[in-house]
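Novice: Got chain A sorted already, so can you dock chain B onto it with the hints?
Line by line, the protein sequences are chains A and B.
Position one of the first sequence corresponds to residue 1 (the UniProt record's numbering), numbered consecutively onward.
Position one of the second sequence corresponds to residue 1 (the UniProt record's numbering), numbered consecutively onward.
It is worth saying that the hints were derived from the structure and are not from the lab.
No experiment lies behind these values; they were computed from the predicted model shown.
Be careful, since some hints might not be right.
As the list claims (entries may be wrong) - Take a look, some chain A residues computed to stay more than 12 Å from chain B by CB distance:
#1 40
#2 85
#3 133
#4 198
As the list claims (entries may be wrong) - So the derived list for chain B, only partly shown, Cβ under 7 Å to chain A, looks like this:
#5 6
#6 131
#7 293
Ideal placement from N, C-alpha and C gives every residue a C-beta, glycine not left out.
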Amino acid sequence: MKATLIISDEHHLSTHFNLLDPLDSPDSTHFVRRHANSISVLLCVDPTPISSDLLDLLPALRLIVGSSVGVDHLDLSDCRRRGIAVTSAGEDVADLAVGLLIDVLRGISAAGRFVRSGFWAKTGDYPLGFKLGGKRIGIVGLGNIGSQVAKRLEAFGCIISYNSRRKKPSVPFAYYANIYDLAMNSDVLVVCCALTEETHHIVNKEVMAALGKEGVIINVGRRALIDEKEMVQFLVRGEIGGVGLDVFENEPDVPKELFQLDNVVLSPHSAVATPECFDALEELIIFILKAFFSHEPLRSLVELE
Amino acid sequence: MESDQLPQVLLPGKPAVTTLLGEEIFMSDKFDFLKAYESALPLHQFLTTHAHKIQAIWSIPATPITADILRLLPHLKLVVTVTAGLDFVDLDECRRRGVAVANAGTVYSEDVADVAVGLLIDVLRNISAANRYVKQRLWPLKGEFPLASTMGGKRVGIVGLGSIGIEVAKRLEAIGCYISYNSRKKKSNVPYTFYSDVCELASNNDALVICCALTDQTHHMINKQVLLALGKKGVVVNVARGAIIDEKELVECLMRGQIGGAGLDVFENEPEVPKELFDLDNVVLSPHRAIFTPESVKNVCELAIKNLEAFFSDKPLLSPFIDDSY
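Only chain A is shown next, with the shape it has when bound in the complex (with noise of 0.2 Å):
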């Protein structure tokens, strides 16, 4: 796929678009080289690994601009050592992360479809909610996403603790070494960690036992990191209060139990709102670079270890 090279100049702040692929096309190369010099900014629509070779051939960028897929594809230290700002689209997929827990814990979809077959004139009240204030949230990998999951659901009131591989000293949250201690202590876990060989299954059934009866699970991580055979059989059991998820081992198809269960909450993978469509990308970019340019805060900055 492509990764969109954004030429800029500073004086006129005018944008001149190319669509180029860095990586299998040697005149995209020699195009580089030419533009080299003038090359600010790069955007990535895909997750093509963004290479040392690459950031090599680019001196003068400043500024990668994350679309839809998180980061995982860029070599973060490396940018850091570079001078290299990243911004990403992390945010959207918080967003849903939340509008997900808010779903599932007030029941805000079971309820809409509660009014929209006419129950309310019938029958009267929907059962309560429960409250977020003060529910524990274990974040299961506190990476960009994790980070603004975190930082979103604190303004909730809600209380937050994390594992990831290593303990992140400058972070104010409970650190817990491994997931079934998180779960342990925790009353949602909100899964937003990349998927390798060692998270892949990383919500087990012993996880899920951990978590208890009551326990939520939010994920719009990746596909394999919950083991989704055993969590419908949790769900269909009622071994666990709810879920909502993003992604699925088989996307699109579903398994079918969730469908009649008002505490799941399905989203078809679109935890990025952000637009592939070009002209929508340019809004994007021009607001992106107005501000870069401006030397105003980039608001999707994220952070470099």
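Specialist: Leaving out everything else, chain B in the frame of chain A:
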């Protein structure tokens, strides 16, 4: 008998909270409840018979505290409710008669704010609509659900910056929205942009969140002009009272695509909801339950009891009604 010496609190109707929490909440060693709904007498007659004993009322929306009722109770000094809204209490008449009013205070504010934000995210990110889509097995059939709109950078105008509005603002700021507000008077010590006119608020925002009380002034305040000013991509969220929005106009604007979407917890004629809204994917409907979590219901009942106990011990009320939402 000792119980004859305890002050009496009138319960004009059976409160909904008894269904949720049982009748045990209506116990105190400092006063007795006088349950009018258990009497065969019609309310007015019951009141006339017991008027000399009644100093306080635990009021519910089903039995409004009108000027007529107040006239029948010359010894009344306090009205308590477990609701945030007080549109069923004649506040002017209470004021004239020196009757204090205590409501839910800020007990519900967080829960209502959570739902307000949940409804806004739902409309912008299509959460309920996409949930329906997947559960109707349309994903494998019809492919990707239409793209949603990002929350980040959205300008949100809060109508009424009281205790609920402030909680909404706090949450939306953490999500990266830009907050401004409209109320009768500008509020000091608040970092958000103030608009003195709700139409101007609408023109300068991508979404409106209604958090104010229903009064004569705010009735149908969100009218056709305001909705058109909000615009084709604009979203309105209402967790306050249905009648603050001109519902007929809202439905027409939605049907005609003149506004972008709506998230509604309240309606003009609950539980009746305009049927035209049922088929609209850009509308999220909630059966007036933004306050309903078990934690808050319990807390608000305890608060009401504490208010009554304070009153009868000549201590200050814990949550006297202060009209600061608009």
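Novice: May I ask you to test the interface hint for residue 293 (chain B) with respect to chain A, counting a Cβ-Cβ separation under 7 Å as satisfied?
Specialist: Interface hint status for residue 293 (chain B): holds (4 Å vs cutoff 7 Å).
Novice: Taking the closest pair, is the beta carbon of residue 40 (chain A) still more than 12 Å from chain B?
Specialist: holds, 22 Å
Novice: Under the criterion of a CB-CB separation shorter than 7 Å, is residue 6 (chain B) in contact with chain A as hinted?
Specialist: Residue 6 (chain B) check fails; min Cβ-Cβ to chain A is 32 Å, beyond 7 Å.
Novice: Taking 12 Å as the cut and beta carbons as the points, is residue 85 (chain A) off the interface with chain B?
Specialist: It holds; residue 85 (chain A) is separated from chain B by about 17 Å at its closest Cβ, greater than 12 Å.
Novice: Take a quick look at residue 198 (chain A) and tell me if its Cβ sits farther than 12 Å from every Cβ on chain B, holds or violated.
Specialist: With a cut-off of 12 Å, residue 198 (chain A) remains clear of chain B, as the shortest Cβ separation is near 29 Å.
Novice: Any Cβ of chain B at or closer than 12 Å to residue 133 (chain A), or is the non-interface label fine?
Specialist: With a cut-off of 12 Å, residue 133 (chain A) comes too close to chain B, as the shortest Cβ separation is near 5 Å.
Novice: Against chain A, run the beta carbon of residue 131 (chain B) and see if the smallest gap drops under 7 Å.
Specialist: Since the shortest Cβ distance to chain A is 5 Å, the answer is holds.
Checked against the numbered hints above, the structure breaks hints 3 and 5 and satisfies the rest.
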